[in-house]
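Novice: Use the sequences and the hints to build the structure in full.
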Amino acid sequence: MSIDKHTAVLEYLKTCPEIAKYPLFFNFAEKEDNNQLFATYADSVESIQNYIDGSRDMLYTFTMIVYKSVAYNQYIGKITQGTTIIDYPDENVEEFIDVQSIADWIEEQNDNHIFPDFGTDCVISSIETLTNKPIRDTTSAVEGDMQPALAQYSLGVRISYLDTSKVLWNS
Amino acid sequence: MELIGGNEMPITQFNLANGQRAERKLLITVAEWTEGTSQVREILGTRTEDSSIEYNADISTTTDIRGFNYTDLEKTQPQQPFDPFLILGGSKLGAFLNDIRRRNAVSELNQFTMYIITAYVGTSGAYEAEKHTGCTITYDSLGGDTKVNFPITVYFSNNSVTGTVDKLTDDFQFTADASV
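For the protein sequence lines, the chains are A and B, in the order given. Residue numbers 1 to 171, in the working numbering, belong to the letters of the first sequence in order. Residue numbers 1 to 180, in the working numbering, belong to the letters of the second sequence in order.
Don't read these hints as lab results, they were simulated from the structure. A few of these clues could be false.
Claimed, not checked - Simulated pairs of lysine-lysine, PhoX-like, Cα-Cα distance not exceeding 25 Å:
hint, chain 1, residue 1, chain 2, residue 2
1, B, K167, B, K92
2, B, K92, A, K166
3, A, K166, B, K147
Stated by the list, open to error - Footprint (simulated), chain A over chain B, 3 or more residues, beta carbon under 8 Å:
hint, segment
4, 23-33
5, 36-47
6, 162-170
What you are looking at is a predicted structure, and each value in this text was computed from that prediction instead of being measured. We put the beta carbon where it would ideally sit given N, CA and C, even for glycine.
Specialist: Put into structure tokens, the structure is as follows:
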């Protein structure tokens with residue numbers, strides 16, 4: 001039986017501790033601090049290899065977009081206020097690491113063969129991120145008009161699976 | 001229906017619309033063997049992108065003094081390679097062949113019955129097929145890059161009967177043609 005893959009992936013992502021902490025939207029989201037967007041594209045599902053028994057290797061890809069507020073604190077150097085030296089934690093680094101933890105979680109799930117439930121007609125072989133760290137979106141890296149300013153991080157994710165729904169033979 | 005020399009059975013036309021191409025999955029090769037007292041079957045070709053039955057025709061051609069060629073087909077030695085034939089969870093044939101490989105019991109490799117089912121000929125409940133007994137399956141190598149590949153080649157015996165199968169599942173019934 002085949003089931004809706006978008007819902008299956010959303011349910012799967014809900015089990016990620018970092019994702020579960022903040023709002024998760026599907027395809028459309030307001031750009032606010034900590035909002036997360038699950039974005040699909042026209043080529044989200046594609047066939048990459050057909051086999052002689054009618055099965056085929058398929059890819060399901062999506063992008064996780066995470067909005068994080070931007071801080072303009074210097075990483076090297078101290079800020080002096082009067083006689084007090086303040087060592088600010090670097091918010092940008094901390095939030096990047098938070099987003100990175102989503103990629104690390106996906107890698108861990110893949111290593112443990114914990115995959116979304118695509119139904120009995122699909123055998124998932126892997127889930128992996130397309131990059132080993134989140135991408136700071138260069139087209140709208142910082143939404144400077146927003147208060148606070150927002151950074152947009154994205155993480156491409158690819159699920160490889162064998163679709164057996166077209167197989168003629170019932171073993 | 002039309003009859004051709006030597007064959008009293010009518011030729012069955014393809015069950016395809018005019019111009020429709022037959023999907024590859026309609027040409028099915030099934031292996032059958034015995035484990036203990038149980039008869040086991042498995043379709044071949046899972047995760048195989050491309051596989052064809054090669055007939056290896058043994059041909060001799062002579063040319064007479066007028067320049068005309070006369071070609072005799074002495075025999076065919078059909079075989080079908082499956083590469084990749086991946087080590088897959090649930091593959092009964094893979095496990096069976098791997099056990100033979102481990103014991104180097106190569107004499108056990110020629111005990112297969114093979115079915116070639118042409119699901120593009122016939123109707124649901126009676127797909128044309130041929131049954132070859134005494135076939136050999138060899139394992140050709142073991143290894144690969146990211147996944148373990150165990151490519152095999154099926155050597156059909158030509159000790160065959162034609163008939164039909166009633167369904168496209170492991171528990172099909174093969175019925176030999178009455179006139180064979």
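Novice: A separate judgement is required for each hint: does it hold in the structure or not?
Specialist: Hint-by-hint comparison with the structure:
1. Simply put, K167/B and K92/B have alpha-carbon atoms about 20 Å apart, close enough for the 25 Å limit, and the pair holds.
2. This hinted pair checks out: K92/B and K166/A have alpha carbons roughly 22 Å apart, not beyond 25 Å.
3. Taking the CA atoms of K166/A and K147/B, the gap is about 24 Å. The hint holds against a cut of 25 Å.
4. Check on the segment 23-33 of chain B: 6 of its residues sit with their Cβ under 8 Å from a Cβ of chain A, so the three-residue criterion for coverage holds.
5. Interface restraint, the segment 36-47 of chain B with chain A: holds (5 residues with C-beta to C-beta distance below 8 Å; minimum three).
6. For the segment 162-170 of chain B, the stated coverage by chain A is satisfied: 3 residues place a CB nearer than 8 Å to a CB of that chain, which reaches the threshold of 3.
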